[in-house]
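Novice: Taking the hints into account, I'd like the entire structure generated from these sequences.
For the record, the sequence lines run as chains A and B.
Residue 316, in the numbering used here, is where the first sequence stops; the numbers in between run on with no holes.
Residue 1275, in the numbering used here, is where the second sequence stops; the numbers in between run on with no holes.
Everything hinted at is true.
Residues of chain B clear of chain A, computed beta-carbon distances all greater than 10 Å:
1. I1029
2. L1034
3. D1082
4. E1084
5. I1099
6. L1159
7. G1173
8. Q1216
9. V1220
10. A1240
11. W1252
12. G1257
13. L1259
14. S1263
15. R1264
Output of the computed footprint for chain A on chain B, the stretches with three or more beta carbons under 8 Å from beta carbons of chain A:
16. 1014-1027
17. 1112-1125
18. 1131-1144
Think of the hints as simulated: they come from the structure by calculation, not from any bench.
Positions of the beta carbon are idealized from the N, C-alpha and C atoms, including for glycine.
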Amino acid sequence: MILLEGVTRDFGPVRALTGLDLAVRRGEILGLLGHNGAGKTTTIRLIAGLLQPNHGRVRVDGLDPVADGPLVRRRLGVLPANAAVDDRLTARANLRFTAALFDLPRPGLERHLDVLLDRLGLGDRADDVAGTYSTGMRQRLSLARVLLHDPDVLLLDEPTAALDPVAARMVRTLITELAAGGSGAAETERRARTIVLSTHDLEEAQRLCHRVAILEHGRVRTLGTPAQLASAWGNDVEVEVHPEDLSATLALDPVAGVPPRRLDDQHVRFPGIARIEVPRIVHALSGAGVRVYRIEVRGPSLAEVYLRLHEAEDTR
Amino acid sequence: MNQLPSIRLLTSVVGRDLRLLLASRATLIPLVVLPLVIFAGLPLLVGLVPGALNLPGGDQQQLLSLLPAALPADTLAALPDDPEAQVATILLVSLLAPILLVVPVILATVAAASAIAGERERRTLELLLLSPITDRQLLLAKTIGAWLPAVTVSLLGALVYQGIATALLAGHGVRPFPNLLFTLLMGWVAPALAAVALLAVVVVSGRTPTVQDAIQLGGVLVLPLIGLLVAQSAGVLLLAPVHAAAGGAVLWLFAAGLLHAGSRALSRDLLATRL
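Specialist: As structure tokens, this is what we get:
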């Protein structure tokens, strides 16, 4: 479990975090969202013990990341925003060096490296110098380094930012497996992990994260499940109807000022309508005698919530 | 609890630094070329280039008048009668010796600048900071990784220098080595000087963004030391073995102080702030 209580961190005259409170449970994926400079990377570095808080306290499984730094970092796998690999070493040498830093046992290490490199699609290039890798391959190698010592807690700073869609999907699958207790590589016991995921990809956060914290100027602006945030910050929904009679549906009067619009040959939609007005659409369809095969109400995405928060901040 | 001793951790960082030092042309060239020029080129120039020792009469006499202070008694007793051979002996045995100390200083500076600032430039410093290594272990590993090659190359170079000087002076019937002053300078002062230079650079490089900045700032710190060496080689100062022994001790103490200060100055927080 990760706990941050009233954490403040200054860089000279600039206050990066202001009384930050966060708690991440074991097995949970917490998404950190926010603009550049909102405090996401600083939060990750504080949890990893790279930075010390000016005020407040940080705990990882009850340990202080600064006072108990080596012990905490043995439990952590941290993926920095810039892939931390040595371009002058091969992928295998990079991982061997990390293994030595974490004092991993030598017997079975090579087999472990092979499995991990294969899992991340780098098996064929394991003995090539990392400097010859593409950005995405370097990022995957960096992820292999993070997973090498089978950490309990993962701090991932934009893990899919540099990846192509196929590699990004593979990494997202891996993150979900890791949180659920898979190891990602070795045949070890299933063990749920705590994951903090900093990302600018709002779709990714919506898909992967159990909860999301949106940071703003070093504070948590809002925190909750994607559904909770959508409900709290988005009143408008989109209603999609699959009617038997398309023409009759399109001829309906506007509902709460929103006219029906043709989506395709089979569907009609009412965009941007207040959630409370949805029953009136059903009532209008029923009143016109239109038979309906399916009606779907879509809340705002996390991206829309994020943008609304941003707009609200701009108007303050 | 937070100072888990780990020899493997230290040796892995040192081993990696040494391998990468030898694999990099930018660091390997000074490691090879500079010692070749100083340890082999300089004595060969002094001994073999005709006229290299043709000092003006007054200068030669002045140099010879300094002999009693400059040379150990056993070397003085074995000096040849030929004035040019006497000058060659003085240069090779005493006056050039301090110049040789420039080699460990420069090699240590180059290696040390790569140690922290180089890691930052290559974006691999975060990799180390995210590992279980403690701040003190990191400083120690970086220090050893830069000190070992600088001192090893310097000691090997000193052996080459002694071989060449012995061969050059053999014709004059002089056996200049073993020589206490030279042994003290290369075996006691040079390693201490390398330690001071590299610790200064390592500490400074925690606050500089690039290797070049680290070398320049570190160079400023070791400049007074180089000044002393030049003064000795120019005859302004004349070192006796006792001076070398005492100077070496002071340098070792200074290095210990820098190591202590460095473990405070080179904190994880400071390094992470400048990532």
